[in-house]
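Chain B: place on chain A using the hints.
Chains A and B supply the protein sequences, listed in that same order.
The first sequence begins at 1 in my numbering and counts up by one.
The second sequence begins at 1 in my numbering and counts up by one.
Bear in mind the hints are in silico, worked out from the structure with no lab data behind them.
Be careful, since some hints might not be right.
[What the hints assert, rightly or not] Below 20 Å or equal to it, Euclidean Cα-Cα: the simulated EDC-like pairs (lysine to aspartate or glutamate) are:
| hint | chain 1 | residue 1 | chain 2 | residue 2 |
| --- | --- | --- | --- | --- |
| 1 | B | Lys258 | B | Glu190 |
| 2 | A | Lys432 | B | Glu111 |
| 3 | B | Lys199 | B | Glu43 |
| 4 | B | Lys42 | B | Glu190 |
| 5 | B | Lys306 | A | Glu168 |
| 6 | B | Lys42 | B | Glu153 |
| 7 | A | Lys56 | A | Glu440 |
| 8 | B | Lys110 | A | Asp439 |
| 9 | A | Lys45 | A | Asp439 |
| 10 | A | Lys434 | A | Glu215 |
| 11 | A | Lys281 | A | Asp308 |
| 12 | A | Lys45 | A | Glu440 |
| 13 | A | Lys56 | B | Glu111 |
| 14 | A | Lys248 | A | Asp439 |
| 15 | A | Lys278 | A | Asp312 |
| 16 | B | Lys114 | B | Glu43 |
| 17 | B | Lys110 | B | Asp121 |
| 18 | B | Lys306 | A | Asp171 |
| 19 | A | Lys210 | A | Asp430 |
| 20 | A | Lys431 | B | Glu111 |
| 21 | A | Lys434 | B | Glu111 |
| 22 | B | Lys110 | A | Asp430 |
| 23 | B | Lys306 | A | Glu174 |
| 24 | B | Lys256 | B | Glu190 |
| 25 | A | Lys278 | A | Asp265 |
| 26 | B | Lys199 | B | Glu44 |
| 27 | A | Lys248 | A | Glu174 |
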Amino acid sequence: MDVEILSRIQFAFTISFHYIYPPLSIGLGLMMVLMEGAYLRTKNKMYEQLARFWTKIFAITFGLGVATGIVMEFEFGTNWATYSRFVGDIFGSALAAEGIFAFALESGFLGVLLFGWNRVKPIVHFISTLGVWFGSMFSAVWIVIANSWQQTPAGYHIVGEGSARRAEITDFWEMVFNPSSVDRILHVWIGALIAGAFLVMSVHAWYLLKGRYSELSKKAFVIALSVAALFSVLQLVTGHSSASGVAKNQPAKLAAFEGHYNSSDQAHLYLLGWVDNKNQKVYGPYIPGGLSLLVHGNFDTPMPGLNDFPQDEIPTQVNAVFQFYHLMVAFGLYFIGLTLFGIFMWWRGKLFHYKWLLWVFVFSVILPQLANQFGWFAAEMGRQPWVVYGLLRTSDGLSAVVTANQVLFSLIMFTLIYALLFVLFLYLLDKKIKAGPYDESETESRPLQESVADVIQSDSKPNKS
Amino acid sequence: MATILGIDYPTLWFLVVGALFSGYAILDGFDLGAGAWHLFFKEEKSRRIALNAVGPVWDGNEVWLVIGGGALFAGFPILYASIFSAMYIPFMLFLFALIFRAVSIEFRSKETMKWWRNTWDISYSVSSVLMAVLLGVVMGNVLQGIALGENFEFQGHWLEFLNPYAIMVGITTLALFMMHGAIYLAMKTEGQLFVKVHKLLNRSIIFFIVSYSIVTIYTLFYLPHLSDNLTENAALLVVPLLAFLSIANVPRLVSKAKYVHAFIFSALSMSFLLILVALELYPAMVMSTIDPQYSITVYNAASSEKSLGIMLIMTAIGAPLVITYTVFVYRTFWGKVKMDETSY
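Just chain A, with the same shape it has in the complex (with noise of 0.2 Å):
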């Protein structure tokens, strides 16, 4: 295998492995928050043990999240030298800013949200916790608009020729709001917030299952399912928002996600299918017409085909971006009717009555995390054979003097190294889900029973939570 390829897999992995973490930061952190809320507003000590807990999960995802986001930035230069050269001034500001408004913030509070509970004030100990959530957010923000200055390039003009060709910032807010960033920075937090509620749904049905920390569950699994069914139906508007930008933005992109490919005809929306390349057909159930009505409100109105591209300027793997879209749609519709259903349990007081349902919980976890991993992989895999669209091609983004062997190298030591820590994940994960938020057998930590008498009463009443 060439150099090119060994660095795109090792790049896809990296970040793809590095993409679990960071989205559950953000997620969880808004969970803490609004545990940490409830418990100041409240004082009620069920809503700290939440807290707590979930500070202990949020400490696993975090560190994860910074050793593997170290490597994604070691490799712009190790394996990526053409291209950040290519791109060095223009995202120096972004970074700049992520580094300064967004790691320091959260890394400087996490010490106080993980081993401060006993050394300062509730208060002060709540303000740290909104630092680091904070942080998670602008740090998400800044990433997203790096990376969608390479989908909607503006604000820059380029310089130079050959090799030391590159391109140079000549408005920091053009590039800053370039046209997709505003759309995908939504897009991305409100999958991360999705990712979060979910595995705290997951976990707190685990335990109502298992009989454990009942009156506690319920608390955190009708705060958490609130912000899912919210985010949820939200994510359509951001999706359909970020979906009519690539339309206008970056029309192959959007034709290898319907797998259109002649503009006279009809641009359908494909429910699910099969996309067969060679001979420039796909098969499913669709939406005659569906796609020109999502982007232009019209059954007839023509969209551009990958046809209608130069060859050598469209994505190869249009099976590959069709499927990841779908899927990621799919499960996005999912979560909708899931969350919406919950709710209405909810409403009708039976929501934690179905074993069944309560199953169904404990296991769709794992669907917002592919949700996310597949949007960037659509995304990512749609904008090819583009690095940065339209300027700079991936093929033309590598470092020269860097040898296959090198990178195969490292590409076994990521695969060895990484399914350790993935292990070590898991481990910990389950250590802790299995720990509990506090140990049963210590009667005094023990919520008061008139808070549990509060549950219970509240359990067929589900204003009151």
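Showing chain B alone in chain A's frame:
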């Protein structure tokens, strides 16, 4: 060219990157140093206390590396691209060690079996040593210069990073971090462990001074171009003098049991040494051993003035905030290690 206080933007950003790297060296330096000492503590309780001395801060400190690396990429993308691709293997080994260190810290405390804890103790300590040495090795290569050719691309062999000078600088960096880490542990421990740490601290001071002297003598004799800036402008000799004085002050303060002061001076020594490195090279950042015209300087590697200007404004707004809450966090955990249910 635009300037602030008479200093042009690329040079200013060079100072910012230098400040971030010295922040990283001071903060993660004591984590790595403490990690390097880890196997010298034989009892389980001592190892736990030593680990928990860095427990609340080590991953926050690692973020300084993310920020420093980001600042280097942002301000000097050409340097970043050239040096990272030229030093592919050492940077990858550094990443692997960094991940292993994190894994070891997290895994260690989760089971009580002796073999389990010993395995992770070894892996924790070896990773810490490796990270310190590799940082020094890269620094040594930067000081010595590498085979940069046309378009600032590396033309040498991938194994060239392992040369005698780089290894010497690597060992000196390890020695410096071990001294720094021992002072930190002395601040954080009491009783028998403290006595042990104190003994190790004295040895590490000797280790550092010997290895540092060897590197200095070698540099003066074999890398004379590094002294050019200092001999041309004698006023700059104040920097090596300050470095010498603050290093000399460390054993004096340690013998008086003033560990906090010793820690401050050990941190200052690191900063002065980094400033010295910067002065020796400036305006170059990495010299080419092929032809001086291929040397990477703060000017030919810098981002555009517009980009640097934006980044400088952000730093001016952000830095006071960062310093304020970093001080707040360290004050919260001031004093000897106290174990509670949140400990490792």
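How the hints compare with the structure:
1. Our distance criterion of 20 Å between C-alpha atoms is met by lysine 258 of chain B and glutamate 190 of chain B, whose separation comes to about 14 Å.
2. Of the pairs offered as hints, the one joining lysine 432 of chain A and glutamate 111 of chain B holds, with about 13 Å between alpha carbons and a cut-off of 20 Å not exceeded.
3. Taken as a hint, the lysine 199 of chain B and glutamate 43 of chain B pair is honoured in the structure, with Cα atoms around 16 Å apart against an allowance of 20 Å.
4. Pair hint lysine 42 of chain B plus glutamate 190 of chain B holds up; C-alpha atoms about 16 Å apart against a cutoff of 20 Å.
5. With a C-alpha separation of about 9 Å, the suggested pairing of lysine 306 of chain B with glutamate 168 of chain A holds against the 20 Å cut-off.
6. Restraint check for lysine 42 of chain B and glutamate 153 of chain B: not satisfied, since their Cα atoms lie roughly 48 Å apart, outside the 20 Å limit.
7. Of the supplied pair hints, the one linking lysine 56 of chain A and glutamate 440 of chain A holds, its CA atoms being roughly 17 Å apart against a limit of 20 Å.
8. With a CA separation close to 16 Å, the supplied pair lysine 110 of chain B and aspartate 439 of chain A stays within the 20 Å bound.
9. Of the supplied pair hints, the one linking lysine 45 of chain A and aspartate 439 of chain A holds, its CA atoms being roughly 14 Å apart against a limit of 20 Å.
10. Taking the CA atoms of lysine 434 of chain A and glutamate 215 of chain A, the gap is about 17 Å. The hint holds against a cut of 20 Å.
11. Restraint check for lysine 281 of chain A and aspartate 308 of chain A: the C-alpha separation of about 16 Å stays at or below 20 Å, so the hint holds.
12. With a C-alpha separation of about 15 Å, the suggested pair lysine 45 of chain A and glutamate 440 of chain A falls inside the 20 Å cut-off, and the hint holds.
13. With a CA separation close to 17 Å, the supplied pair lysine 56 of chain A and glutamate 111 of chain B stays within the 20 Å bound.
14. Distance hint between lysine 248 of chain A and aspartate 439 of chain A is unfulfilled; the C-alpha atoms sit about 56 Å from each other, more than 20 Å.
15. Annotation: proposed proximity of lysine 278 of chain A to aspartate 312 of chain A holds, straight-line Cα distance about 15 Å (limit 20 Å).
16. As the CA atoms of lysine 114 of chain B and glutamate 43 of chain B are separated by approximately 11 Å, the hinted pair is consistent with the 20 Å bound.
17. The straight-line distance between the Cα atoms of lysine 110 of chain B and aspartate 121 of chain B is roughly 13 Å, inside the 20 Å bound, and the hint therefore holds.
18. Our distance criterion of 20 Å between C-alpha atoms is met by lysine 306 of chain B and aspartate 171 of chain A, whose separation comes to about 9 Å.
19. A distance of roughly 15 Å separates the Cα atoms of lysine 210 of chain A and aspartate 430 of chain A; the hinted pair therefore holds under the 20 Å criterion.
20. A C-alpha spacing of about 10 Å is found between lysine 431 of chain A and glutamate 111 of chain B, which places the hinted pair at or below 20 Å, so the restraint holds.
21. The suggested pairing of lysine 434 of chain A with glutamate 111 of chain B holds, with an alpha-carbon distance near 14 Å, which does not exceed 20 Å.
22. Pair hint lysine 110 of chain B plus aspartate 430 of chain A holds up; C-alpha atoms about 12 Å apart against a cutoff of 20 Å.
23. For the hint linking lysine 306 of chain B to glutamate 174 of chain A, the alpha-carbon distance of about 14 Å falls within 20 Å, and the restraint holds.
24. Proximity of lysine 256 of chain B to glutamate 190 of chain B is assessed by CA-CA distance (about 16 Å); at most 20 Å being required, the pair is judged to hold.
25. Proposed proximity of lysine 278 of chain A and aspartate 265 of chain A is supported: the alpha carbons are some 17 Å apart, at most 20 Å.
26. Simply put, lysine 199 of chain B and glutamate 44 of chain B have alpha-carbon atoms about 19 Å apart, close enough for the 20 Å limit, and the pair holds.
27. For the given pair, lysine 248 of chain A sits about 17 Å from glutamate 174 of chain A by alpha-carbon distance, which is consistent with the 20 Å threshold.
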